[in-house]
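Trainee: Below, each chain spelled out in residue letters.
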Amino acid sequence: MNKLASSRPKTIDQVKASLPKRHLSEKVFRSIGLISIIISLMFLFVLFYTIVSKGYTAFQQTFIQLEVNFDERLLDPEGTRHRDALSTADYGGLIKASLSKLFPEVTTRNEKRLLYSLVSTGAAYQLRERVMDNPALIGQTQQVWVPVDDEVDMLIKGHTLRDVPEAERRLRDVQIAWLDQLEAKEKLALKFNTAFFINGDSREPELAGIWGALMGSIYTLIVTLILSFPIGFATAVYLEEFAPKNKWIDLIEVNINNLAAVPSIIFGLLGLAVFINFMSFPRSAPLVGGLVLAFMTLPTIIIASRGALKSVPPSIREAALGVGASTMQAVYFHVLPLAIPGMLTGVIIGMARALGETAPLLMIGMVAFIVDIPSNILDPATALPVQIFLWADSPERAFVERTSAAIIVLLGFLFVMNALAIILRKKFEHRW
Amino acid sequence: MTDIAKIAQPSNQIERRKGDRRKHTRIHLSRATVSRDNRRTVGEATVSDPRIHCTDVNVFYGDKPALRNVTLDIGCQEIIAMIGPSGCGKSTFLRCLNRMNDTIECCRVTGSIMIDGQDINDKSIDVVPLRAKIGMVFQKPNPFPKSVYENIAFGPRIHGLAKDKVELDEIVVTSLKRTGLWEEVKDRLDQPGTSLSGGQQQRLCIARTIAVNPEVILMDEPCSALDPIATTKIEELMDQLCTDYSIVIVTHSMQQAARVSHRTAYFHLGDLIEVGTTEQIFTKPVHQLTEDYITGRFG
Ligand SMILES: Nc1ncnc2c1ncn2[C@@H]1O[C@H](COP(=O)(O)OP(=O)(O)OP(=O)(O)O)[C@@H](O)[C@H]1O
Ligand SMILES: [Mg+2]
Numbered sequence: 017m018n019k020l021a022s023s024r025p026k027t028i029d030q031v032k033a034s035l036p037k038r039h040l041s042e043k044v045f046r047s048i049g050l051i052s053i054i055i056s057l058m059f060l061f062v063l064f065y066t067i068v069s070k071g072y073t074a075f076q077q078t079f080i081q082l083e084v085n086f087d088e089r090l091l092d093p094e095g096t097r098h099r100d101a102l103s104t105a106d107y108g109g110l111i112k113a114s115l116s117k118l119f120p121e122v123t124t125r126n127e128k129r130l131l132y133s134l135v136s137t138g139a140a141y142q143l144r145e146r147v148m149d150n151p152a153l154i155g156q157t158q159q160v161w162v163p164v165d166d167e168v169d170m171l172i173k174g175h176t177l178r179d180v181p182e183a184e185r186r187l188r189d190v191q192i193a194w195l196d197q198l199e200a201k202e203k204l205a206l207k208f209n210t211a212f213f214i215n216g217d218s219r220e221p222e223l224a225g226i227w228g229a230l231m232g233s234i235y236t237l238i239v240t241l242i243l244s245f246p247i248g249f250a251t252a253v254y255l256e257e258f259a260p261k262n263k264w265i266d267l268i269e270v271n272i273n274n275l276a277a278v279p280s281i282i283f284g285l286l287g288l289a290v291f292i293n294f295m296s297f298p299r300s301a302p303l304v305g306g307l308v309l310a311f312m313t314l315p316t317i318i319i320a321s322r323g324a325l326k327s328v329p330p331s332i333r334e335a336a337l338g339v340g341a342s343t344m345q346a347v348y349f350h351v352l353p354l355a356i357p358g359m360l361t362g363v364i365i366g367m368a369r370a371l372g373e374t375a376p377l378l379m380i381g382m383v384a385f386i387v388d389i390p391s392n393i394l395d396p397a398t399a400l401p402v403q404i405f406l407w408a409d410s411p412e413r414a415f416v417e418r419t420s421a422a423i424i425v426l427l428g429f430l431f432v433m434n435a436l437a438i439i440l441r442k443k444f445e446h447r448w
Numbered sequence: 013m014t015d016i017a018k019i020a021q022p023s024n025q026i027e028r029r030k031g032d033r034r035k036h037t038r039i040h041l042s043r044a045t046v047s048r049d050n051r052r053t054v055g056e057a058t059v060s061d062p063r064i065h066c067t068d069v070n071v072f073y074g075d076k077p078a079l080r081n082v083t084l085d086i087g088c089q090e091i092i093a094m095i096g097p098s099g100c101g102k103s104t105f106l107r108c109l110n111r112m113n114d115t116i117e118c119c120r121v122t123g124s125i126m127i128d129g130q131d132i133n134d135k136s137i138d139v140v141p142l143r144a145k146i147g148m149v150f151q152k153p154n155p156f157p158k159s160v161y162e163n164i165a166f167g168p169r170i171h172g173l174a175k176d177k178v179e180l181d182e183i184v185v186t187s188l189k190r191t192g193l194w195e196e197v198k199d200r201l202d203q204p205g206t207s208l209s210g211g212q213q214q215r216l217c218i219a220r221t222i223a224v225n226p227e228v229i230l231m232d233e234p235c236s237a238l239d240p241i242a243t244t245k246i247e248e249l250m251d252q253l254c255t256d257y258s259i260v261i262v263t264h265s266m267q268q269a270a271r272v273s274h275r276t277a278y279f280h281l282g283d284l285i286e287v288g289t290t291e292q293i294f295t296k297p298v299h300q301l302t303e304d305y306i307t308g309r310f311g
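So the protein lines, in turn, are chains A and B. The opening residue of the first sequence carries number 17 in the numbering used here; numbering runs sequentially from there. The opening residue of the second sequence carries number 13 in the numbering used here; numbering runs sequentially from there.
Worth flagging that the hints you see were computed from the coordinates, not collected in a lab. Note that the structure is predicted; figures quoted are calculated from it, not measured. Glycine included, C-beta positions come from ideal geometry on N, C-alpha and C. Any given hint might turn out to be false.
Estimated spans, in silico, between C-beta atoms of each pair [claimed, not checked]:
1) B/Glu-182 / A/Ile-53: 47 to 57 Å
2) B/Ser-207 / A/Ser-34: 28 to 38 Å
3) A/Ile-439 / B/Pro-141: 47 to 57 Å
Here chain A stands alone, though its shape is the one from the complex (with noise of 0.2 Å):
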C-alpha cells in the first residue's frame, strides 16, 4: 500500500455513495416517461372513443319496405318505353301510392303530406334507377326496400329522443305512431348505409356520401405529392451533398424554415392569387389544391430530408469518394439508401398534414356544397375535412353522426397512408 492509496477514498465507495441519487433520478425520470405515455394514450382513447362512438351509427341507415307497383299508366302512359320518358316519369308518385297503400285511413292533405316525408327524396331516384336498369319491372309489383327521413332514421337509431314535447320535435305523433305500426309489422330495418360510402355531398343527410370529399382529397393530394415529392427530394439532397456553404444558400435555408412556420392559410390566399387569379387556373380544383398544398409541405420534407441526410455518418461518405465514386455515386448508392427511411417519414408527416388541411382549401373555393364525384384534377371538389367542417356546420341532426363517420374516414385514410409507408420503409430498409 502506497501513499497514494490510503490519502483517498476508495473509488468503489465514492462510486457506490452516489449510487442512490443515481437510481433515483433514473427512476424518477421513467416514471415521468411512462405517465406521460399514460396521459397522451388516454387522451388518444378518449378522442378515438367519442368519435366511434358517435360515428359509427352512420355506417347504418333505416330502410324502409315499400310494396311499390311498377304502374305501367304512371311510369309510361304511351307504351314507348323511351328512355327521356323513363327519366322524367313520376317516381314520386308510385311511393306515395304504395305509402297510401300500407296507411288507408291516412286522408287529409296535412296528414298525406306528413305521412310521405317519412320517405326520403332519394327513394323515387332509386326507383328511378332500377327501372332505367331494368325496363322489365314496369307493370310488375314488388318489395322495395328505400331509405327513409334523416328524422325518422335519428328516431329509429334513438338519437331523437321520444317524450319532449311535440312541439320540440320534428316528428310529429301521428308519424311516431305510424313508424310504431311499421316496425311492428318489421318494415323497418336498419341496414349498411352504402350511400355514405358511394354518394357526393347532399342537402339531405341520408343521401350525403363521403366519396366525394374523399376522391376530392385523394386527388389533391396525389398532386401535392408528385409535386413536393421530388422538388423536396432534390431540394434537400442539393442542399446538404452538393451545395457550397455560402451566404446565399444560408438565406435559402433560412427562409426554408421561415416557410415551415408560415400559417397554412397564407397559402391559401397565394394561391388564390396566383393560380386562380393571375393564371387562371379553376375554382375549386384538386389542382389548385394540390399545388397550395404542396407548396404547404415542401419545407416540412425538406428539413426532415435535409435532417435524414445529416445523420447519415460522414465515414460513409468518405468511404465511397475514397475509392473515387463521384459526389453523385456516393449519394445514390451510399447515403440515399440510409437516408430514404427518414426522408419517407418527412414525405408522410407532409402529407398527413396537408391531408387534414382545411384552411387554404377554403380560400381556393374548395368549400363550395359539391355534389357530383370528381373525375380529374380539373372537377370542382372538395377535400375531406373541408366536408367534415361543412357537415359539422349544419343544422341537421344527423349530420352529426355523420361528421363523426368522416372523421372516421379520415382517420383510416391517414392509416393506410401510413401503412404504405412504413412498408415502402421497411422495403428500402432491407436493401443491401
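Given the structure of chain A, go ahead and fit chain B with the ligands onto it with the hints provided.
Mentor: Chain B with the ligands in isolation, oriented as in the chain A frame:
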C-alpha cells in the same frame, strides 16, 4: 508533480522498460544534435525520382494551423511511414494527398502537391480519377452498411474494372484473399460488412481499397485493431504491393514502422521534424524530438 502526473508515472516507466528491450538499444548512446526548439525539417525530405512531391504544404482548420510548411517526397516503390504523437497532423497530411480534406468544410490547404506533373490542389483536377489513383484506408474502419461482397465490388464496378460478373467475383475474392479475410468471410459474403468484427472491418476496408488497384495507397493506422498474425499478413501485402506502388502508412507502432517502411517521417505538433531512412531514424535520429519520441521519452 501534480497528482495526475504521479498517477501517470508508473506506466511511463513501463513504456521505457519496453523501449529498452527493443533491439535499437544503442540509440541511447547516440546523441541527437538538433535541439528541440528547431522546427525546421531535418534529414532528406526529397528524393531523386518522387511519385508525389509536396512543397510547403500548410493546412488550416478554420484559422488553426494543423500542418506547417511540410515539404516531403513520396518515392516510387517505397513504403514511407508517418510517425508522431497523437494530434500532430499525420492523418491531415495523408488526407491532403488525395484531396480528402475537401470534405471538411473549414479545411484549407496551401502549397503544392505534385503527382504526374499536376498539382493535386489545382481546381481543374478531377478528384474522381485522382482518388482512384491514390487509394485510402481510413483511420476508423468505415465499411459500407452493405454486404461484404458489395463493399469490395463497389469500387471496381463504378470504375468499370470488371467486364462481367465473373471478373468482378474474381476481384472480390483476390482482394479478400490478399488481406487474409477470405477464410473468415467466404461463407458470409452476403452479410453486412458492419457485422464483422473491428479487425475484420479494418481488413475489409483494406481489401476495398486494393480492389481498385490504386497506384499510391494511403494507410491510416491500418493495423491498429489487428492481432499479430493479421498484422503480419497486411505487412506482407504491403511488401508485395510496393514492388509496383507507393505506400504511405501512418502507424503508432514503432516496431511496425521499423519492420515495413523504407523511409520514416516524424511529425510533431504540425511540423515535419525529421525525415530519413527508417534505419537512420530509429538508430541515429538527428533531432532531439525524434529521439525523445522513439525512445519513449516524449512528454
Ligand atoms: N475536422 C477537423 N476540424 C478541426 N480540427 C481538426 C479536424 N481534424 C483534425 N483536426 C485537428 O488537426 C490536428 C491534427 O489532426 P490529425 O487528425 O491529423 O492528427 P493525427 O496525427 O492523425 O492524430 P492521431 O494519431 O491521433 O490520429 C489536431 O489538432 C486536430 O485537433
Ligand atoms: Mg490520425
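Trainee: Hint by hint, say whether it matches the structure.
Mentor: Evaluated hints:
1. B/Glu-182 / A/Ile-53: 47 to 57 Å: holds (55 Å)
2. B/Ser-207 / A/Ser-34: 28 to 38 Å: holds (37 Å)
3. A/Ile-439 / B/Pro-141: 47 to 57 Å: Roughly 41 Å apart at Cβ, these two residues miss the hinted range, so it is violated.
This entry does not satisfy hint 3, going by the numbered hints stated previously; all others are met.
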